Structures are given as C-alpha cells and as structure tokens.
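Q: Chains as they are written, first to last, in this note's numbering: chain A, 1 to 342; chain B, 1 to 342; chain C, 1 to 342; chain D, 1 to 342.
Just so you know, these hints were derived from the structure itself, not from any lab. Computed from a prediction, not measured in an experiment: that's the story for all the values here. Hints may contain errors.
Copies of the same chain are indistinguishable here, so a pair counts whether it falls within one copy or spans any two.
Unchecked claim - Here are the simulated lysine-lysine pairs, PhoX-like style, with alpha carbons at most 25 angstroms apart:
| no. | residue 1 | residue 2 |
| --- | --- | --- |
| 1 | Lys326 | Lys270 |
| 2 | Lys155 | Lys337 |
| 3 | Lys327 | Lys22 |
| 4 | Lys39 | Lys327 |
| 5 | Lys22 | Lys326 |
| 6 | Lys326 | Lys45 |
| 7 | Lys45 | Lys218 |
| 8 | Lys156 | Lys190 |
| 9 | Lys270 | Lys45 |
| 10 | Lys312 | Lys341 |
| 11 | Lys342 | Lys156 |
| 12 | Lys39 | Lys156 |
Protein chains: 4
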Amino acid sequence: MYSFNNDYSEIAHSKILELLAKYQFEQNVGYGLDYHCEKAKELIKNHFSVDVDIHFLVGGTSANKIVIDHILRPYEAVISVDSGHINVHETGAIEATGHKIITTKGINGKITPPEITSIVNEHHNEHMVMPRLVYISNSTEVGTIYTKDELAQIKKICEENNLYLFLDGARLGSALTCDDNNLTLDDIAKLTDVFYIGGTKNGALIGEAVVITNSSLKHNFRYTIKQNGGLLAKGFIVGMQFEALFTDNLYFDLARHANLCAKCLVTGLKALNIEFAFPPQTNQLFITLDNNLIKQLQEKYLFEVWTCHNDKSTIRLVTSWTTNLKKCEEFISDLQKLILKK
Amino acid sequence: MYSFNNDYSEIAHSKILELLAKYQFEQNVGYGLDYHCEKAKELIKNHFSVDVDIHFLVGGTSANKIVIDHILRPYEAVISVDSGHINVHETGAIEATGHKIITTKGINGKITPPEITSIVNEHHNEHMVMPRLVYISNSTEVGTIYTKDELAQIKKICEENNLYLFLDGARLGSALTCDDNNLTLDDIAKLTDVFYIGGTKNGALIGEAVVITNSSLKHNFRYTIKQNGGLLAKGFIVGMQFEALFTDNLYFDLARHANLCAKCLVTGLKALNIEFAFPPQTNQLFITLDNNLIKQLQEKYLFEVWTCHNDKSTIRLVTSWTTNLKKCEEFISDLQKLILKK
Amino acid sequence: MYSFNNDYSEIAHSKILELLAKYQFEQNVGYGLDYHCEKAKELIKNHFSVDVDIHFLVGGTSANKIVIDHILRPYEAVISVDSGHINVHETGAIEATGHKIITTKGINGKITPPEITSIVNEHHNEHMVMPRLVYISNSTEVGTIYTKDELAQIKKICEENNLYLFLDGARLGSALTCDDNNLTLDDIAKLTDVFYIGGTKNGALIGEAVVITNSSLKHNFRYTIKQNGGLLAKGFIVGMQFEALFTDNLYFDLARHANLCAKCLVTGLKALNIEFAFPPQTNQLFITLDNNLIKQLQEKYLFEVWTCHNDKSTIRLVTSWTTNLKKCEEFISDLQKLILKK
Amino acid sequence: MYSFNNDYSEIAHSKILELLAKYQFEQNVGYGLDYHCEKAKELIKNHFSVDVDIHFLVGGTSANKIVIDHILRPYEAVISVDSGHINVHETGAIEATGHKIITTKGINGKITPPEITSIVNEHHNEHMVMPRLVYISNSTEVGTIYTKDELAQIKKICEENNLYLFLDGARLGSALTCDDNNLTLDDIAKLTDVFYIGGTKNGALIGEAVVITNSSLKHNFRYTIKQNGGLLAKGFIVGMQFEALFTDNLYFDLARHANLCAKCLVTGLKALNIEFAFPPQTNQLFITLDNNLIKQLQEKYLFEVWTCHNDKSTIRLVTSWTTNLKKCEEFISDLQKLILKK
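Using the sequences and the accompanying hints, generate a full structural model.
A: Put into structure tokens, the structure is as follows:
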C-alpha cells in the first residue's frame with residue numbers, strides 16, 4: 001500500500017532529526033525563549049522587508065484558534081469561505097472561543113472581494129455580529145492558490161472596511177513554489193496582517209511559524225498562546241526545526257518536491273482525460289472517478305474519498321516532501337490499466 | 001552555567017530519538033489512529049487491572065484544559081489548592097473554557113478531605129457554581145506527594161459528594177519512584193477518574209498520556225481534544241515516544257534518576273542546615289537562602305527564584321532524567337564554600 | 001405616524017398593569033420562587049398532558065442562549081435555517097457560549113427533514129462538530145408556521161439521530177391562533193424537548209415562559225439561567241404577567257387579535273395584487289413594493305425594510321395584540337390611492 | 001410575617017407604575033432607542049460634570065457580566081475581594097465569559113490599595129493572567145461604603161498600573177445617602193471608568209443604569225449587551241423607570257428611607273448590645289445572635305442567615321425603599337423581649 005492520503009504521514013526530514021540529535025543534551029530555557037527559536041526567527045525574517053513578530057506554534061487548528069482568539073473582541077466575527085478549514089474541520093474550535101464564522105460560497109476555495117463587501121453591508125448594526133477579520137488559506141483546502149493581484153484586491157477591500165486579513169499557511173510552501181505562483185513570502189507579509197508558515201505539512205515533526213505583521217496585533221500574543229495551551233515547554237524543539245527548514249532553502253525545496261510529484265500525477269491524469277474537481281495547482285489534487293475504479297485503486301493506494309455523487313466520487317490525492325516520484329508514475333500506470341480493462 | 005531550572009531543558013532521551021530515526025519514512029495514518037499509538041497504549045495498559053482509555057496530548061496546560069473542559073457542564077467548577085498549576089500558571093486556561101476554580105489553602109501543596117467538604121457545603125444553591133471536580137497534582141507543584149491512604153480518602157470524599165477526581169501527573173514519574181511513595185500506576189487508575197502520565201518532564205520531546213478510568217468520561221473525548229487544538233496531525237510521534245518510555249521500564253528509570261540526583265542534593269543541603277520550604281520528596285526542592293548567597297550561586301547555576309521575603313528568598317532546584325550527578329555534588333560543594341566564606 | 005414596525009412597541013395589556021398595581025406592596029421571595037410564579041406555572045401546565053418544568057425568563061435572545069447553553073456539550077452544535085433568529089439577529093449569542101450553528105437553507109423559513117438528515121450525514125467524525133440540537137421557530141422569522149404533521153416528521157428525524165428539538169416560541173401565540181394552525185400547546189409539548197411561550201411580543205412587559213418537556217434537560221436549569229444573568233431578582237413580576245396572560249385565555253385572545261389585524265391587511269393587499277415574499281399566515285407580513293411607493297408610505301407609517309432589490313424592496317408589516325384594526329384599513333386605503341396615483 | 005430578607009421583595013414605587021399606565025398605548029421604537037430612554041439619560045446626566053454614556057440593563061448579574069465581558073481581552077483578569085458579588089453569588093457568570101477573578105481578602109468588604117499592588121506584582125508574565133480591572137461594590141456586599149478618599153486612592157493605584165476601575169452600584173442609592181457618605185454621583189463618575197446605578201434594589205421593577213465614563217470603553221457597548229441577551233425589546237420600560245426615579249430626586253429619597261429604617265434598627269440593636277459583624281452604614285445590617293434567638297425571630301420575621309458559627313449565627317437584615325418604620329421598631333421590641341425572656 002502506498003499512501004497519497006496526506007502530507008503528514010512521515011516523521012520528518014533528516015536535517016531536522018540530525019539537529020535534534022546534535023543538540024540532544026544542550027540545556028535550553030523553556031517556552032520558546034531559547035536561542036534556537038531566536039535563530040530560526042532571524043532566518044525567517046531575512047525573507048521580509050517589513051518588521052514582523054514570529055511565534056512558533058504546535059499545529060494548524062491550534063494556530064488558527066490562537067490567532068483568531070487574539071484578534072477578535074467577543075462580538076466580532078471572522079469571514080471565511082464555506083470550505084475554509086476553520087469552518088469545516090476544526091470541530092468548532094473558533095466558535096469555542098466565542099466567535100461566529102460568517103461563511104460565503106467562494107470560487108474554487110477562494111473568497112472574492114464582492115463577497116466580502118456584501119457580508120459587510122449585511123452586518124450593519126448591533127443585532128448582528130461585527131465582521132472584523134477575513135480568513136483565507138493559501139494554498140486553499142482544495143489545492144488552489146491566490147495570485148498576487150487577488151491577494152492585493154482582498155487586502156484593499158479589508159482595509160476599506162476595517163477588516164484584518166489572516167492567511168492560513170498550513171500549506172504555504174506548496175503554494176509559494178508551484179508554477180502558477182507569483183507571490184513571495186515578503187508579498188504575503190505586506191498583504192496580510194498575520195499569517196503562518198506551515199511546518200507540519202512540509203517536513204517538520206510539528207510546528208507552524210505565526211508571522212504577525214500588523215503592529216497592533218503583536219501585543220501580548222504570548223498570553224493568548226499560553227491560555228490556549230499552545231506554549232510548548234520545550235519550545236526549542238520547534239525552533240530547531242525551523243532553523244533546519246530555513247537553512248539553505250530546505251523549506252522551499254521540500255515544497256517544490258511535493259509539487260513536482262503532483263505535476264507528474266496531473267500530466268498523467270490529464271492524458272487519461274480524468275476530470276478535476278478543482279484546478280490542479282499545488283500538492284492536493286481532486287479528481288472524479290467511477291466508484292468501481294476507486295475501489296480497485298484502494299487495493300494498492302491510500303487516499304481520501306472527498307465527496308460522493310451517485311456512482312462517481314471525488315477523491316483527493318496528496319503528494320508531499322517525501323513522496324516517491326516513481327510511485328506517482330506507477331499510480332498513473334495502474335489507473336490507465338484499470339480504465340482500459342473496463 | 002549548569003541549569004537546575006526545570007526538568008524540560010534537554011531535547012529527549014536517546015531511545016526516543018532512535019525510534020524517530022528508525023521509523024522516519026514509514027507512512028502512518030494521522031491523528032493518533034496509527035499502530036504506534038496503539039502499541040504504546042497496550043504497553044501502558046499492561047500496568048492497569050482496570051479498563052482505561054488512553055489519549056496522547058501535547059503538553060500539560062493543554063491536557064489540564066482539555067480534561068476539565070470535557071468533564072464540566074458550564075455551571076460546574078473545579079476545586080484546587082491555591083498553588084495548583086491550573087490556578088496559578090496557566091494564564092486562566094481553565095476559566096477561558098468558562099469554569100471557575102474554587103481554591104483552598106491546602107497543606108504542603110496537597111488538598112485535604114475537610115477542605116473539600118467545606119467547599120461542597122458552602123456551595124449549596126444555584127446562585128453559586130456547583131463543585132463537580134477535584135484537581136490534584138502528584139507530585140505537587142511544591143514537590144510533595146500523596147500517599148495511597150491520602151488519595152483513597154480524597155477519592156472517598158469525592159464519591160460521597162458526586163465529585164470527579166482528576167490527577168495532574170505532569171511529574172507522575174518522579175512521584176511514583178521516590179522513596180516515600182507507596183502508590184502504583186494501577187492504584188492511581190483505581191483511585192481517580194482521570195489522570196495523566198507526563199512525558200515532557202520525563203525524557204520525551206513532547207507528550208502526556210491521558211488515562212480515563214471512569215467510563216462516563218470516555219465518550220467523545222477526541223472531539224474535545226480536536227476542538228482545543230490538541231489533536232496532532234502526526235500523532236504517531238507522541239505514540240512512538242510512549243512506546244519507547246514504556247518499553248523496559250524506561251519511564252520509571254528516568255524518573256528514578258531524577259530522584260537520585262535530588263536525593264544527593266537533599267543530603268548535602270541537610271548537612272548544611274539549609275531550610276526547606278516544603279518537605280523534599282521528589283525532583284523539585286524548595287530551599288530558603290540569603291539573597292546574597294543566591295546572587296553568588298546564580299553566577300554558576302540557573303534556577304528559579306520562587307518567592308522573596310526581605311533579605312531571603314526561596315529558590316527551586318529541579319533535577320531531571322538527564323541531570324549530571326556530579327553537578328549536584330558540585331553545587332553542594334560550591335554552596336558550602338560560599339557559606340563558609342560568609 | 002402609525003407603527004407596523006413590530007409587536008413590542010406598546011407597554012403591556014391592562015390586565016397585567018392591574019395585577020402589578022394590585023400586588024404592589026406584597027412582600028415576595030426573590031428569584032422566581034414566589035407563589036405568583038407557582039400559580040402562573042399551574043395555569044400554563046393546565047394546557048399539558050405531559051409533565052413539564054417551566055421557567056420564566058426575560059427575553060427571546062436570552063431564552064435562546066440559555067436553553068442552548070444548557071443542552072449542549074462544548075463540541076456539540078445546533079442546526080438552524082439560515083433565517084433563524086439565533087443565526088442572524090442575536091449578535092453571535094450562541095457562538096459566544098461556544099457553539100457552532102450549522103445552517104441550511106430551509107423553505108419559507110422552515111427546516112425540512114432531508115436537510116437535517118443531510119447535515120447529520122456530513123458530520124461523521126471528531127474533526128467536525130457533532131449536531132445535537134435542532135432549532136426551529138413557530139411562527140418563523142418570516143411569519144410562516146409548522147403544521148402538526150411537519151413538526152411530527154421533524155421530531156421523528158431528531159429522535160432517529162439523537163438530536164434534541166427546541167422550538168423558539170417568541171411568537172407562539174400568533175402561530176397557535178392563526179387560521180392555518182392545527183397544533184395545540186400540548187402537541188408542541190409532546191413534539192419538542194423544550195420550547196418557550198413568548199410574552200414580550202404578545203402583551204407582556206417582558207417575559208418568556210420556557211417549557212422543558214424532556215426530563216433529561218430539566219436538571220440544574222436554574223444554574224444555567226443564573227450564570228447567564230437571566231435570573232431576575234423580582235421574578236414575581238414575570239410570574240404575575242403569565243398569571244394574567246393565562247387567565248381566561250387572555251394569551252390566545254391577544255394573539256388572535258394580532259392575526260385578525262394581519263388578515264385584514266392580507267385581504268386588502270391581495271385585492272391590490274401585492275406580491276408576498278412569504279406565505280402570509282400570522283402577524284408578520286412580507287410584501288414587495290416599488291421603492292417610491294415605500295417612501296410615500298413611510299410618511300405616515302413605520303415599518304421595517306427587510307431586503308432591497310434594485311428599485312423594489314420587501315417590507316415587513318407587523319400587527320400586534322394592540323394594533324388598531326381601523327389603522328389596517330387605512331393603510332390599505334392609503335396604499336390603494338398611492339398605486340392609483342402612479 | 002414581615003420580611004427583612006432583601007430590598008427587592010416588593011413590585012415598584014407608585015410613580016413608576018403611574019408612568020407605565022400613563023404611556024400604556026404609546027408606540028415606541030424598540031431596544032432602548034426611544035425618547036423615554038433618552039429623557040432618562042438626560043436626567044441622570046444632569047448629575048455629572050463629565051461626558052458619559054448611559055445604557056439601561058435588566059439586572060445586577062447581567063450588568064456585571066456585560067461590563068466585564070466588554071472590557072477584558074481573553075487573557076485579562078478582574079480583581080475583587082473574596083466577598084465580591086461576582087466572586088460568590090453569580091454562579092461563575094464572569095468565568096463563563098472566560099475571565100479569571102483574582103481574589104483578595106479585603107477589609108470589611110472593601111479592597112485596599114496595597115492588595116491591588118501586591119496582585120499586580122505577582123502577575124508579571126504570560127504564564128499568569130494579566131490583571132486589568134478592579135471590581136468594587138458601593139455599598140459593599142456587607143453594607144459598608146467607600147469614602148471619597150478611599151475611592152481616590154484606589155483610582156490612583158489603578159491608573160498607575162493600567163487597571164480599569166468598575167464600581168457595582170446595585171445599592172448605590174443607599175451608599176450615597178447614608179450618614180457616613182461624602183461621595184456624589186459626579187465624584188463616582190470622575191473616580192471610576194464605569195459604574196452602575198442600581199434600580200432593582202431601590203424601587204424599580206427591574207433595571208440598572210450603566211454609566212461609562214472612560215471614552216475608550218464606550219465603543220460598541222450595545223453589541224456586548226445584545227450578545228449577552230441584555231438588550232430588552234421593550235427598552236423603554238426601563239427608560240421610563242429611571243425617568244421616574246430621577247425626577248424630583250425620587251431615587252435618593254427612596255434610598256434615604258431605606259437608610260432611615262436601617263438606622264432605627266441600628267440604634268435599637270446597639271442599645272441591646274448586639275454584635276455587628278460589619279460596621280452598620282447602609283441598609284444591610286449583619287448581626288450575630290444565638291441560634292435559639294434566631295429561631296424565635298424567624299417565627300415572625302424573614303431574613304437571611306449569613307454564616308453559622310457553632311451556637312451563634314450571623315444574620316442579615318435588609319431595609320428598603322418601602323420598609324415600614326414601625327416594623328423596625330417592632331423588631332427591636334420583639335428582640336428585646338426575647339433577650340429578657342432568656
């Protein structure tokens with residue numbers, strides 16, 4: 001069995017395990033105040049032309065919850081597309097901090113400026129929550145990405161309407177290294193108020209690096225982390241990982257590998273005239289197949305069945321920093337055989 | 001500089017790093033549903049004669065928050081001694097889930113049955129919160145431990161008053177392996193409703209194993225974990241660590257080492273007639289010294305200054321799974337010299 | 001200016017003010033434990049063949065918040081149509097207690113059994129909230145009502161899926177006394193787990209009577225009321241009002257009057273071929289008019305503009321226990337003149 | 001039976017019921033935006049030389065919850081004496097909004113500046129909540145009052161430590177009209193950031209007037225009210241009551257009457273050498289009597305037994321705007337007889 005189930009099924013990249021072994025008995029101060037965290041922050045800050053605060057957190061849901069909890073007043077709400085991770089797959093973590101998520105349909109997993117305007121206009125008095133934050137993901141939950149122009153337009157609408165912009169970068173590596181991308185890390189820092197650089201899905205054991213660019217949000221962020229149970233005693237473990245990932249461009253190389261594998265799949269799938277449910281841009285591909293084909297593929301491959309429609313279903317294939325390119329070719333070849341056999 | 005600051009200043013035990021390296025490229029399913037977590041659970045369950053559920057969480061504050069959030073109805077409250085970790089050092093994490101902590105003085109960091117009775121009697125109608133849970137730590141935040149008899153009495157009072165009993169075992173290893181201890185893991189399972197076995201402070205990178213013994217609390221616990229941002233994508237990383245810790249008694253050996261080092265310090269400190277703020281039983285020692293002595297020690301050693309009283313202060317010395325026994329002897333010898341010099 | 005703006009613009013019915021004057025200096029115990037509350041409960045219980053608990057609360061948002069807060073565990077969610085009051089017009093009061101509202105489109109403000117089934121099927125694991133409660137309003141926020149058969153079908157689906165059913169009866173009087181209705185108070189008690197009988201919008205100063213029919217929800221409800229700031233010191237004031245409202249069928253007579261006035265408007269509007277946005281069944285009517293017509297009507301009448309569509313808008317006309325029937329006729333006559341003038 | 005149980009056992013003052021009758025059929029806009037609320041605000045504002053915002057709320061617990069919820073960020077905490085109403089008698093309403101109450105002993109129900117300083121000093125990093133608000137009551141829960149000098153000193157400490165000051169005025173009338181008082185309403189506006197003028201316990205049906213003096217706290221307060229279920233549909237009912245209470249000094253006259261009755265009791269009790277648990281200053285008196293004396297008094301009078309100590313108990317006697325002075329004299333005379341009989 002080979003797994004295209006997700007991008008967090010293997011432990012971590014060797015460079016990371018090597019650092020852990022190297023510093024195994026070094027005594028560090030706790031709670032992320034050590035020099036590895038400092039060094040990792042410096043390495044990341046090299047990518048920015050603006051002044052940012054960086055905090056290392058444990059995982060994606062935790063990062064989303066902490067950032068949103070930190071920003072919003074009780075009566076303020078966050079805007080998201082229906083498919084946003086915070087809306088669907090976090091067991092109400094945002095609502096558990098007291099905040100409504102105002103949802104909108106979006107296009108291919110991405111929010112559009114008119115949708116934001118429309119939500120703002122509908123929420124005009126104290127009988128309704130006050131929209132105060134827009135949440136987007138890049139790459140999105142359906143594998144698509146925002147262009148620089150799209151992001152700039154969203155930021156503009158946010159500024160005009162007193163809304164903060166938060167970008168969930170659980171898969172930011174894959175977004176920034178795919179062919180269609182024209183954004184840099186620095187662009188993202190300039191065009192959002194806060195975002196994070198995902199480690200868990202790009203070669204780390206655990207860890208996400210939250211980058212706060214808006215000064216008014218920097219204050220007391222560690223209080224919010226701690227209150228939400230996100231302040232790791234051994235914070236240096238996450239620091240070291242980002243130290244490894246941001247040395248010699250490892251972070252981007254790993255993401256590039258995931259995209260390369262995805263591209264191999266896309267080329268093959270297109271040749272087989274397979275239908276894509278969303279534009280294939282990064283390391284998450286959504287394709288629609290006959291259910292009996294899916295059943296046969298499942299004998300050899302692991303993947304998620306996303307949605308079902310009568311005798312067809314959409315499945316998700318995910319490649320990662322450690323996907324075996326040969327396995328991608330094998331998958332295409334197996335699929336081709338199954339189609340021909342039909 | 002040598003650090004007696006805490007028991008989480010080094011990365012992790014070699015057996016743990018070896019397992020991570022060994023399984024580096026193995027593909028595992030996510031969110032703690034993998035076979036390493038299963039295996040670790042089996043290894044831990046071998047210690048129990050009762051049927052328990054086990055869940056692996058990231059850290060102590062997170063574990064406390066999740067367990068308490070899971071148990072209590074909105075109007076229900078948790079009872080703790082003033083010095084309880086949830087009351088002092090978790091930035092209101094429990095209150096952030098909506099629950100009051102009812103505090104009482106305790107003796108040497110431990111709650112007493114009469115204090116529980118008294119709180120229950122005072123909270124008798126709907127104008128006050130309803131006490132529903134007693135929170136204790138073993139070892140406590142001041143390094144003391146509960147005896148089997150003490151724990152049994154607390155459990156009895158809890159049962160008589162419809163209260164759950166939750167034991168914070170962030171430092172359970174140190175408690176169970178110290179000279180004064182007469183409790184086993186199985187005793188604890190029988191005498192509490194839920195507790196956890198701390199990994200972070202006993203050789204793990206991260207991770208605490210929550211053990212639920214009361215059937216009525218087992219239901220839907222994974223929902224509460226996820227909602228609180230505590231469900232790690234790479235759950236197998238924590239599973240593997242407990243696999244290592246519960247193979248060949250490693251967990252207990254590490255804790256025993258910490259206690260051995262502490263004992264070395266205690267013997268030396270007693271010989272020097274140093275005053276202990278709390279009975280020295282486990283790997284946390286609280287001693288009171290003149291401030292100028294402390295200042296001189298700080299040139300060579302790292303430790304926490306706990307409380308200040310005019311020209312004296314109480315400091316905390318913590319030993320760990322990886323403390324160098326020679327450094328303990330050196331500390332005593334240095335202290336002796338400083339005292340003589342005075 | 002005459003107001004069709006809402007059904008809570010006048011103080012209260014005379015019978016209520018008379019009771020307040022009559023008992024002005026009577027000394028009563030506080031917090032709803034007085035004999036007026038008891039008497040009012042008895043009068044209401046006469047309508048039920050099942051055993052219920054009754055609690056008097058201050059207002060609608062407060063009642064919705066308290067009931068839902070009482071029922072749900074942190075990870076559990078409530079299902080509602082998009083137009084549900086809890087979803088739109090309560091400033092995130094439900095999310096503020098930590099719970100997600102899962103929304104669905106509905107038909108004419110009413111939820112359908114297939115929508116409930118579909119939501120339940122989509123929420124199948126711990127990465128998503130667990131649906132546990134269905135919220136409906138009768139009459140709905142758009143003035144429509146549930147038939148006995150519709151309510152029975154919803155209850156059946158709820159029971160099959162371990163969901164509680166909560167009926168918001170802020171305008172229950174109007175629902176139960178309209179021509180299309182075939183439900184009794186007792187039917188509602190049998191077909192829901194909890195509901196409330198709205199007083200504020202049917203002649204009371206303040207006050208809603210929450211009726212809990214499911215025994216498992218009765219426990220400790222007063223704790224939840226108090227914690228949410230809903231336990232009135234002078235609870236007897238609300239008790240007395242329901243005493244008045246449930247003596248000699250006053251509650252139903254007042255609602256019948258509101259419906260009578262609405263019917264007068266409906267007849268007139270239909271004769272003028274005015275378009276209804278929702279079937280006109282109770283005391284809330286939604287009609288679509290040219291914007292310039294609306295502007296002219298606003299010189300003489302107060303009403304809410306509900307939604308705007310280019311040069312037309314939908315307005316809401318509300319009649320109440322104290323609406324002047326002549327003013328309804330006058331409104332129709334004025335509208336007719338304005339249409340003819342065009 | 002005559003009740004000294006509390007100051008909210010009778011419906012309301014005649015002037016209030018008269019206003020309700022007078023305006024019974026007047027059509028008003030909802031949610032406190034009517035002209036009665038405006039007029040009441042003007043009448044109250046006449047007492048202030050500073051610019052304030054006024055909002056009418058339903059009750060004390062609700063007012064405390066809403067004000068504190070509005071002010072604090074999630075990780076911020078409120079400081080209160082142990083006996084503070086928010087700490088003891090609100091069923092964890094404050095914690096339910098996510099905030100810790102940091103408690104201190106106080107003297108006679110009043111907080112002292114050194115206690116505030118000490119709490120601030122102890123809470124110095126992100127592992128602990130951040131104190132941000134001091135909560136006091138005037139008169140206090142044990143019937144004592146703050147002098148102008150005491151309040152000024154507390155305000156000074158608050159300003160030096162970036163703390164807001166909130167004064168719970170559920171019984172402000174009684175405080176401001178007692179013999180020992182040297183504060184005016186305007187002093188209170190100048191020496192706090194927010195406070196409220198209690199109506200429920202001084203002749204109103206329901207209602208407290210929150211006065212916000214600190215500009216930075218005025219923003220969006222109605223959102224917080226609504227989210228907490230505190231925005232009454234018929235807001236004008238509360239407005240009218242404060243219109244009545246702040247016309248011709250009725251509010252102060254009612255409170256003065258309560259104090260007069262209390263003074264009558266105090267004089268009598270002192271003559272009988274009865275022990276006061278707290279200095280008797282306002283309309284709440286706490287006296288300690290033999291249990292058998294209490295039992296005999298309970299045959300004729302209603303009052304709360306506050307605390308029990310072996311064969312004695314402390315009881316609370318409360319007088320109100322409508323207490324019968326003769327009944328006070330009768331109580332003393334009855335007590336005297338019982339003592340003599342012994």
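Q: All hints, please: hold or fail.
A: Do the hints match the structure? See the list:
{"no.": "1", "hint": "Lys326 x Lys270", "result": "within (18 angstroms within a copy, 66 angstroms between copies)"}
{"no.": "2", "hint": "Lys155 x Lys337", "result": "neither (47 angstroms within a copy, 50 angstroms between copies)"}
{"no.": "3", "hint": "Lys327 x Lys22", "result": "between (33 angstroms within a copy, 22 angstroms between copies)"}
{"no.": "4", "hint": "Lys39 x Lys327", "result": "neither (37 angstroms within a copy, 29 angstroms between copies)"}
{"no.": "5", "hint": "Lys22 x Lys326", "result": "between (32 angstroms within a copy, 23 angstroms between copies)"}
{"no.": "6", "hint": "Lys326 x Lys45", "result": "neither (36 angstroms within a copy, 41 angstroms between copies)"}
{"no.": "7", "hint": "Lys45 x Lys218", "result": "within (15 angstroms within a copy, 38 angstroms between copies)"}
{"no.": "8", "hint": "Lys156 x Lys190", "result": "within (12 angstroms within a copy, 41 angstroms between copies)"}
{"no.": "9", "hint": "Lys270 x Lys45", "result": "neither (39 angstroms within a copy, 50 angstroms between copies)"}
{"no.": "10", "hint": "Lys312 x Lys341", "result": "within (18 angstroms within a copy, 59 angstroms between copies)"}
{"no.": "11", "hint": "Lys342 x Lys156", "result": "neither (52 angstroms within a copy, 43 angstroms between copies)"}
{"no.": "12", "hint": "Lys39 x Lys156", "result": "neither (33 angstroms within a copy, 42 angstroms between copies)"}
In summary, the structure is inconsistent with hints 2, 4, 6, 9, 11 and 12 from the numbered list given earlier, while agreeing with the others.
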